[in-house]
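Construct all of the structure, not just a fragment, from the sequences and the given hints.
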Amino acid sequence: MAPRAPSIPPAPVLRIGALQVRYPGSERPTLDGLDLTLSAGERLALVGPSGCGKSTVARAVLQLLPPGSSCEGELLLTGQDPRQLRRAALRRLRGEAVGLVFQDPMTRLNPLLTIGEHLRDTLAAHRGGGRQRARELLARVGIDPERYGSFPHEFSGGMRQRLAIALALALQPPLVIADEPTTSLDVAVAGQVMAQLSDLCTETGSALLLISHDLAMAGRWCDRIAVLDQGRLVEEAPSHQLLTTPASPLAQRLVGAARLREGGHSEAPAAAPVLLEVEELRSWHPLPSVPWQPRWIKAVDGVSLTLHEGETIGLVGASGCGKSSLCRALMGLAPVRGGAVRLQGVDLRQLRGRSLRRARRRLQMVFQDPLACLNPQMTVGEAVADPLLIHGLASRPEARRRARQQLALVGLDPPESFEGRLPRQLSGGQQQRVAIARALILEPQVLLCDESVSMLDAEVQAEVLALLRRLQEQLGLGLLFITHDLSVAGGFCHRVLVLDGGRVVEEGAGAELLSHPRAAITRTLVEACPRLPALS
Amino acid sequence: MVTSRLGARSLSARMARWGIAIVAFYGLIALFTPLLVHGSLLPDPNAGLENPIYAPPSFGHWCGTDRLGRDVCVRTLAGSSVALQVVLSALVLALVIGVPLGMVSGYLGGGVDRVLVLVMDTLYTLPVLLLSVVLAFLLGRGLPNAAAALCVVYVPQYFRVVRNQSAQVKAELFIEAARSLGAGPAWILRRYLFRNVITSVPVLLTLNAADAVLVLGGLGFLGLGLPETIPEWGSDLQQALTALPTGIWWTALFPGLAMFVLVLGLSFLGEGLEHWLSGAPAGSDG
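Quick note, the sequences are listed as chains A and B, same order.
Take the numbering used here: the final residue in the first sequence is number 518, and no numbers are missing along the way.
Take the numbering used here: the final residue in the second sequence is number 1499, and no numbers are missing along the way.
Any given hint could turn out to be false.
[Unchecked claim] Pairwise CB distance ranges, derived in the manner of DEER restraints:
id: 1; chain 1: A; residue 1: Glu425; chain 2: B; residue 2: Pro1415; range: 36 to 44 Å
id: 2; chain 1: B; residue 1: Ala1380; chain 2: A; residue 2: Glu425; range: 28 to 36 Å
id: 3; chain 1: A; residue 1: Pro48; chain 2: B; residue 2: Pro1340; range: 47 to 55 Å
id: 4; chain 1: A; residue 1: Arg336; chain 2: B; residue 2: Ala1380; range: 23 to 31 Å
[Unchecked claim] Partial list, derived from the structure: chain A residues whose beta carbon lies under 10 Å from chain B:
id: 5; residue: Gly55
id: 6; residue: Leu58
id: 7; residue: Gly61
id: 8; residue: Ala70
id: 9; residue: Leu72
id: 10; residue: Arg73
id: 11; residue: Arg339
id: 12; residue: Arg343
id: 13; residue: Gln350
id: 14; residue: Asp351
id: 15; residue: Asn357
id: 16; residue: Pro358
id: 17; residue: Met360
id: 18; residue: Glu364
id: 19; residue: Asp368
id: 20; residue: Ala417
The set of hints was computed from the structure by calculation and includes no laboratory data.
Cβ coordinates follow ideal geometry from the N, Cα and C atoms, glycine included.
Okay, here's the thing in structure tokens:
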């Protein structure tokens, strides 16, 4: 048994002093003299740009570093140095002193074990405890104990993450480390999961170390925020103070980017010509049924909207509300059952074949996952030039020249150093820039962005949004911006439509929706969405 | 863990090296034997009238002579050229037919896919040798005919591999992204699908080549495939069989050995390639 932190005086659960970690084969230490202290029951968020060493802290604490890494400095977990422990004692320390919640729960669960077996495994490895205790734990995280025998694949992402929380807290550890626990979940579910985690930590008196790139979320759930940069602590302050009056330049930059992302509101443009008119659009998918009694999934069920030149419309909603289906229906990737789509006065549903393809050039799309939407075998230059070749608009050398211009336009400068690379050799932000360049090379009037920034970290998000806004001003684009993040939609879009069950339930200016939500679903989304504290 | 993985990699690397060496050696023989025969530096593999019959290996005839007095050594060397020609043309033909069919079938799906899969699976259920024997019998003897008979056997294999890969890649987002840009099916097949599905073909190609050498030998052994005037390992083995009980081993040993080593080399090359292709991405990522 790991010794519990004595109640008086409260010794720190975790003390890190001048910690230096270097991975094998890397020249620069990933953590370079980090100092951190976490007392019992305290909640600390670790934030910082990608690659600042946030996740390495968790690995160092649990001694899960790859063999050959060096780890020097002070490291005390509940008064013990994990580096000094033998294997059996270390294993006990890992489960009983620290619980870990990972980013993607699916990959951390064994698909061949039931939910209950996962819990019993953890319990049995440490202190025993049977089925009864496992059921209690399930009930505590809001999973029906009757699902004891279910397998991980039968659970939704949110339920899996709750199970991961139950596993981490099964042994009531004095410290819980959550590494980006909600990144793969949608806003409403993420809010519930974080609430659950926070409640359980309070209940068991565990300290929480939350690793995140989302400042607003860190501020909402943690008492203190520590900002990391290149393996060093650059600032540590109470959440409210850090988010309102950041002292260090990096914290100022991060908070600034987060405010830029959600803050500001966009003035609606003056009366401009209509680009896209969608009227009562319906996209239904057939379900297996008898022919005289057809059954449908009504993914989009009568959506109307009008998009003007230079305008941005935000489409928000919980997952499964039909926002992506609407996008796919507009792009001709999903079946359309009724309604009309008029692009600059031409009804796309009346066109077929070649003329449809030509008309659709004016309507392009940027996908959520930039890596998945680029051919892994095609270089960046080829990928951007390809649309021109598809439509026979340019010869090969001409297309290559235009692709280079386009790469420079989206800020990949100089284009010569990017065009020969494969998509996976670029960072997430650069990949999304390539995807945008590719969509824009056909000179579209309307750009659909389907969750185009949700996979990027906050600073890169702000950059990509600024890029989209600049391109919109330069080219007079109409943007249809699909997101589940109300704060982004509120700041970035001129108007916001809230979708639920395939219908528009609310419409209005972003700031107004955020302050006075009317529809129930809007209220849920607004409440779930963590926001930065207002500047006094 | 690390050592065992390194061990496996070095073993596969060694296998690949041996495979390349052996196949290159056969390639050189196949290239130079006809030239040397033409330049009278080697005897004609079909000429045997002035030679003793069934002469054991000696300085004059390194591998002895067969029942018609033909030089076993030259016949064995010439056989490698024939084997490589037939196998290569059969596989290229199978590739040219099987890969596009597989891509179309996997990408389009629906009725076309179902019919093609049914036909190919039916072909696949027939034993390789039986199918090629029937085809060789129907097509008659000759080099292109033998290649065609072998090709039909291997088309379903490429079809299956490429079709399944295509059906999988088809669901990837980048295909949908290309469709949303307005790319038609032909363009997607050519620019997006091809390079992503072709990766598993080289391994299959070398392993099939090893198999095809054996099937060609089997056809020759049954008196099918190539005309009698062309020196071929399978038919030579069949002729050697009658003399084997009387202690004449050299007519059987050398063609058999040649066939064995070529199959071994091709298999090594295939296994090595497979390790290399499947190991390369993991190595570059980690």
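How the hints compare with the structure:
no.	hint	in the structure
1	A:Glu425 <-> B:Pro1415: 36 to 44 Å	holds, 41 Å
2	B:Ala1380 <-> A:Glu425: 28 to 36 Å	holds, 34 Å
3	A:Pro48 <-> B:Pro1340: 47 to 55 Å	holds, 50 Å
4	A:Arg336 <-> B:Ala1380: 23 to 31 Å	holds, 27 Å
5	Gly55	violated, 27 Å
6	Leu58	violated, 31 Å
7	Gly61	violated, 33 Å
8	Ala70	violated, 21 Å
9	Leu72	violated, 19 Å
10	Arg73	violated, 19 Å
11	Arg339	holds, 4 Å
12	Arg343	holds, 6 Å
13	Gln350	holds, 9 Å
14	Asp351	holds, 6 Å
15	Asn357	holds, 5 Å
16	Pro358	holds, 7 Å
17	Met360	holds, 8 Å
18	Glu364	holds, 9 Å
19	Asp368	holds, 7 Å
20	Ala417	holds, 8 Å
Hints 5, 6, 7, 8, 9 and 10, counting from the list given before, are not met by this structure.
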